[in-house]
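K.L.:
Just so you know, the sequences run in chain order E and Z. The letter at position 333 of the first sequence is residue 333 when you use our numbering, and the numbering goes up by one with no holes. In our numbering, each number is its position in the second sequence, counted from 1, plus 1000.
Worth flagging that the hints you see were computed from the coordinates, not collected in a lab. Treat the hints with caution; some may be incorrect.
As the list claims (entries may be wrong) - Within a straight-line C-alpha distance of at most 20 Å, the following computed DMTMM-like cross-link-like pairs (lysine to aspartate or glutamate) qualify:
#1 Z/Lys1031 / E/Glu347
#2 Z/Lys1179 / Z/Asp1150
#3 E/Lys309 / Z/Asp1073
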Amino acid sequence: MAEASTSSDNSIGIVKPQTAEFDEPLSLANGRSLARYQLLYETYGTLNKDASNGVLICHALSGNHHAAGLHSYDDPKPGWWDAYIGPGKAIDTNRFFVVSLNNLGGCDGSTGPTSINPASGEVWGPDFPSLRVRDWVHSQARLADRLGIARWAAVVGGSLGGMQAMRWALEYPERVNRCVAIASAMKLTAQNIAFNETARQAISRDPEFKDGHYQRSDTVPRSGLSVARMIGHITYLSGDGMGEKFGRQLRSGSFTQGQDEPVEFQVQSYLRYQGERFSDSFDANTYILMTRALDYFDLAREYQNDPVKAFSHAQCKFLVVSFTSDWRFAPARSREIADALMAANKEVSYAEIESDAGHDAFLLPNMRYQAVFGNYMAKLADEIETGEQEAGN
Amino acid sequence: MRSDLDIISTWIKPDSRVLDLACGDGELLEKLQQHNISGYGLEIDPEQISRCIAKGVNVVEQNLDRGLGNFADNSFDTVIMTQALQTMRFPHLVLQEMLRVGRDCIVTFPNFGHWRARWHLAFSGRMPVSDLLPYQWYDTPNIHFCTFKDFEVLCRELGIEIIERRVTTQGSANALKQKLPNLFGVTAIYHLRKR
């Protein structure tokens, strides 16, 4: 969701996005369908002979297909999860074949609100069908078919990505070996929806938004999108983390008696910078679509609101991870997942990682997180490689 | 393998479902998996949790002093706690919780009534420090020591039935432990259920 690690040691190196086109209509949860669409994705590592080492990475709200590596040698920043995907990293690209895509409805190359609606010949804009998490899962399943992956070794995601991973476990139980849900939840709280709504209001009240038809009028609701991002960003950090990073440090001005110099705190300029940078690169309609998918998600809704009943359909093993200072997707939400899984008699491990980085912790380097996640994936890789050897003999 | 874990694994029926409280590095659960016994370990130590995960043992991070409120009544065949009862804030409440969540339970703990401990306290006038209990009184996870006798009194008070008790010893005290377990037993292993 926010800053990825800038560490590039053991990077997978230069990666290139690929495109998969789909002509078969995709029926959506809202009753509409998409006649055709494309998904932009990247892969890291090599698919083994029996296609059993595939790992699907599901991205969060503002993520995309570029999870690891660099796009060019002078790329200033690696992919958003480079801290955990690469040779020798938690998701070891020497052992796994990693697939990371830009979700449908995104704005980084997959079909979404900024694409052309083939029916009208115009940009979709706000008319792009609203999506739910399960729609992403179904589109990802088609990408898996295309890549020859009948069953994922693991479906992995943080935050909204964790919701996709859990939905995978219920929609395609026979196609998932492990589900890793990090800093996630079975549904958002009212407070969480409230933050998303405030962000959407910031966008839709921007005069440049034009009811979502800003592309038609060649405007961009930059200020709305940037405020939306600022709101989000505050909630992805923890109070302590922000205090540590910025405190009350001033960027300019002073409080000297007798001086009337305008004062700006460091945290102000940081937030503004984050907002502005985001509004240059992200699409407002996509932001609205993605936050709505987050709000709508309720893992157990169709299972009589009983998470135990929901998870009883899963066949995979689970790893659930949370971070102590994450108040947007609090540890309590992850404990609910672990409790429901235990009550459903599913195999699960759960770890609550000490961190002051708030929700963003799931993206950042952390020794204990690395150990838990890395050990889990390494054990899985061992099992896959043993299975391969046995099949070969 | 610790000798108490050996005995425990003979007490648990194959194919049953267990909860191992303060499961450490998952040694017992890993052994039980071979008998198709499934379940979860609860643990609070980050290093131990990572070790469990590396072994493929299901481990859930949970502070046992906050109870087992997230588990339904009788949701496990057996709830186990080895060598950790003495580290609990309220051992009697933990015991009751174990028997609420499990149909039966297995508890092991070090015997503070062992003659060495008594000797140490009686003649040096100081709290015992030994290989098995290597901590100083002011810096120890073991905050609630008891003797076998103490434990059995508590079981009576709480209406807990002792199905079986085994005692392990050090060295050649085998014959003595049968007659005087509270003096010669090092570790007690209790198999308990609700009355």
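K.L.:
Which earlier hints can't be squared with this structure?
P.N.:
Of the numbered hints, all hold.
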